[in-house]
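Undergrad: With chain L held as given, fit chain H onto it using these hints.
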Amino acid sequence: MTITPDSIQQAIIMGNVASISTAVNQLLSTGVNSQHILDEQLLPGMAIVGDRFKRNEMFLPQVLMSAQAMQTAIDILKPHLVGNSEARQRHTVIIGTVKGDMHDIGKNLVRIMLVGAGFDVIDLGVNVPAQKFLEATSQHQASIVCVSALLSSTMNNMKEVVQAFRSSSDLNGTKILIGGAPVSREFSQSIGADGYAPTAPAAVELVQGFCD
Amino acid sequence: MTGRDNVFSAINRIETTRVPIGEIGGGYTDVIIKAVLGENYDQGPDAYFLNHQRIRELLGADIVGARVLGPPVEILGIHDDWGTEIFKDFWGATYTQPPDATVQLVESIAQSPEALEAWRPPDVSRFDSSQVKRWKETTDFFVLATLNAGFDLGYELLGFERFMMWTIQARDTMKRYFEKLIETNLSLAIMSAKAGADAILIADDLAFNTGTFVDPEYLRADYFPILKNMVGEIKKQGVPVFFHSDGDLRTVIPDLIDCGIDVLQSCDPNANMDIPTLKAQYGKDLAFMGNIDVDLLANGDVKEVENTTRNLIRDARRGGGFILGTSNVVASYCQPENLIAMYKVAHRELK
Numbered sequence: 001m002t003i004t005p006d007s008i009q010q011a012i013i014m015g016n017v018a019s020i021s022t023a024v025n026q027l028l029s030t031g032v033n034s035q036h037i038l039d040e041q042l043l044p045g046m047a048i049v050g051d052r053f054k055r056n057e058m059f060l061p062q063v064l065m066s067a068q069a070m071q072t073a074i075d076i077l078k079p080h081l082v083g084n085s086e087a088r089q090r091h092t093v094i095i096g097t098v099k100g101d102m103h104d105i106g107k108n109l110v111r112i113m114l115v116g117a118g119f120d121v122i123d124l125g126v127n128v129p130a131q132k133f134l135e136a137t138s139q140h141q142a143s144i145v146c147v148s149a150l151l152s153s154t155m156n157n158m159k160e161v162v163q164a165f166r167s168s169s170d171l172n173g174t175k176i177l178i179g180g181a182p183v184s185r186e187f188s189q190s191i192g193a194d195g196y197a198p199t200a201p202a203a204v205e206l207v208q209g210f211c212d
Numbered sequence: 001m002t003g004r005d006n007v008f009s010a011i012n013r014i015e016t017t018r019v020p021i022g023e024i025g026g027g028y029t030d031v032i033i034k035a036v037l038g039e040n041y042d043q044g045p046d047a048y049f050l051n052h053q054r055i056r057e058l059l060g061a062d063i064v065g066a067r068v069l070g071p072p073v074e075i076l077g078i079h080d081d082w083g084t085e086i087f088k089d090f091w092g093a094t095y096t097q098p099p100d101a102t103v104q105l106v107e108s109i110a111q112s113p114e115a116l117e118a119w120r121p122p123d124v125s126r127f128d129s130s131q132v133k134r135w136k137e138t139t140d141f142f143v144l145a146t147l148n149a150g151f152d153l154g155y156e157l158l159g160f161e162r163f164m165m166w167t168i169q170a171r172d173t174m175k176r177y178f179e180k181l182i183e184t185n186l187s188l189a190i191m192s193a194k195a196g197a198d199a200i201l202i203a204d205d206l207a208f209n210t211g212t213f214v215d216p217e218y219l220r221a222d223y224f225p226i227l228k229n230m231v232g233e234i235k236k237q238g239v240p241v242f243f244h245s246d247g248d249l250r251t252v253i254p255d256l257i258d259c260g261i262d263v264l265q266s267c268d269p270n271a272n273m274d275i276p277t278l279k280a281q282y283g284k285d286l287a288f289m290g291n292i293d294v295d296l297l298a299n300g301d302v303k304e305v306e307n308t309t310r311n312l313i314r315d316a317r318r319g320g321g322f323i324l325g326t327s328n329v330v331a332s333y334c335q336p337e338n339l340i341a342m343y344k345v346a347h348r349e350l351k
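Chains L and H, in that order, give the protein sequences.
For the first sequence, the residue numbers in my numbering are 1 to 212.
For the second sequence, the residue numbers in my numbering are 1 to 351.
For reference, chain L alone in the conformation it holds in the complex:
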C-alpha cells in the first residue's frame, strides 16, 4: 500500500484508526520525519475536520472518530518527536469546567479539537476550583488555560480563576480563554480574560493565535 498525504488526510477525516496507524508506522519506517508527518499530513487533515464541523458538514460523532484517529497517530509519533531536532515546541493547554458546574460537553469538544490541532491538553474535568487551574498550569508549564461554564450562576466563578492567575507572581502572564453558553465577549472583557470563544472551532483559532 502506498501512503500519500491524501490517504493520511482521508484516514483522519474518516476517523479510521486502523488505517492511520498503518500509515504513520509505514512512513516512519521509510524515514519520513515525525514533525513533517504531523505538520504536513495530520494537522491539515484535522483542519479540514474542524472546518467541516463549523459548516455543519460533519457532526459530533464524526469529529470524535477523527479525534480518536488523530490521538492514535500522535501516540505513535510522540517518542519520535522527543529528541527530534526539527520538532517544534508543543504547547500545553489546561482545560476545565469551572467550580460548581458539572457540564462537560462543550469543554470536551474544545479538548478534542485542541488535541486535533496538535496541542498537548490537560483536562481537569468538571467542578474545578481556581487553585487547581493554578497548580496544573504550574505543574505542566502551560501557557494557556481554557475555562468553561454552562450556567449563569457558575460563570461568575470564572472571575475567580482570572483573578487567581493575575495575582500570581509566576503565572500572571498565562493566557485565559473562556467559553460556554452564557458567556459573552463583554463578560470576558469585564473579568479580564484574554479571549472568549462562542464555539469549539473558534476556541482552537484563539489558542493558535496565542501561540503565534
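No lab work stands behind these hints, which were simulated from the structure alone.
One thing to keep in mind: the hints can contain errors.
Just the calculated beta-carbon pair ranges, DEER-fashion [as the list claims (entries may be wrong)]:
#1 L:S190 with H:D81: 26 to 36 angstroms
#2 L:S190 with H:Q281: 52 to 62 angstroms
#3 L:E135 with H:P99: 44 to 54 angstroms
#4 H:Q281 with L:T4: 42 to 52 angstroms
Every value quoted in this text rests on a predicted model; they were computed, and no experiment measured them.
We put the CB at the ideal spot given by N, CA and C, even for glycine.
TA: Chain H alone, transformed into the frame defined by chain L:
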C-alpha cells in the same frame, strides 16, 4: 376560561384574550419558589404540591409539569473524590451529586456494545402515576406530563462521548437501544395519559446552539421513525404531544412535524430559534412554547424583561399557536422580580 382551556386553544391555533403562560417540568426551582412565596412557603409533609400550586396561582401560570415517578434510588456508597452518596437509579446508571453542583454520571449502563445489547430497561409496573392524577383532579392547571424518548436519555445513561461514537461504531445496537428506551417511555406516556395528563412532553435534547449533535440524515434514518411511532401511539390516547429540545433545531423541524409533534418547546433565542420567525414558516403545522432567555431572567433588569416579553407577545400571539415561557426552566440563579415581571406583562397584555 381556565388555564387548561387557554393552553388547549393555543395548541389548536385559536387566539385567546390572554396568551397562555407556563413552564415545563418542575418549572421553578425551590430557591425561586422560596423567594417568590416568602412566608407562604410551606415546609410541611405536602410541601412540594402546595408550593408548586401556590407559586403558579400567584404568578398566574396555566401549566403544571408532572411525571410518573420511578422506584426510589439505591444508595451504593460514597464517592472517593467528593464524599457524596453514589446512587443507582431505576435505569441502572449510577450518579453522584457533588456539593453545590448538579448530578454527575459515575458509571454508565454499559461499557461495550455487547453489554448494551444485553441491557434491559426497568419494569414500568413499578412506576407511580398518582402525582399526575392529583394535579388533574384537584386543580385547573394544564397538566403536562414529562418523560423522555431515546436520544437525550440515551446519552445520559451511556455517557455523551461513548453514545456519539457508538452511533457510528455500533449503529445497529444503538437503533435497538433507541427502540428499548422509547418502548419504555411510551408505556410511561400511556400511563400518564390514563392518569389524566392533558398532554405529554417528550424531553429530548437533540442539539446545541449551532445545530444538531448528529447528522440530521442519521436521525431521519435511525431515530425519527421510532419517535414517530411513539408520538402516534401517544396520540391514540387523545392527548397532544409537546417536544422539548435545547439548541438550534431548524434543520429538523419538518421532521418533527412529520413525527406528529404538536408543540415545540424551548425555542432559545441564543440558538436562532425565534418564535415569530418560526411561526411564519411552520405555524400552520406546529405551535411553539418558550422563547424567553433564562439568562435574561438571571442577568437582565425588570425593564428589559418587560420589554422583551411585551415584544414577543406582540409578534407571536396572532392566530394562537404560542405559549409564553422561558426557553428552559426558571433556574435558581434567576431574579425573582424578573420572573414576576414576565408573568405580569403576560397578564397585562390583553387583546
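Undergrad: If a hint holds in the structure, say so; if it doesn't, say that too.
TA: Evaluation of the provided hints:
no., hint, in the structure
1, L:S190 with H:D81: 26 to 36 angstroms, "holds (32 angstroms)"
2, L:S190 with H:Q281: 52 to 62 angstroms, "violated (37 angstroms)"
3, L:E135 with H:P99: 44 to 54 angstroms, "violated (20 angstroms)"
4, H:Q281 with L:T4: 42 to 52 angstroms, "holds (46 angstroms)"
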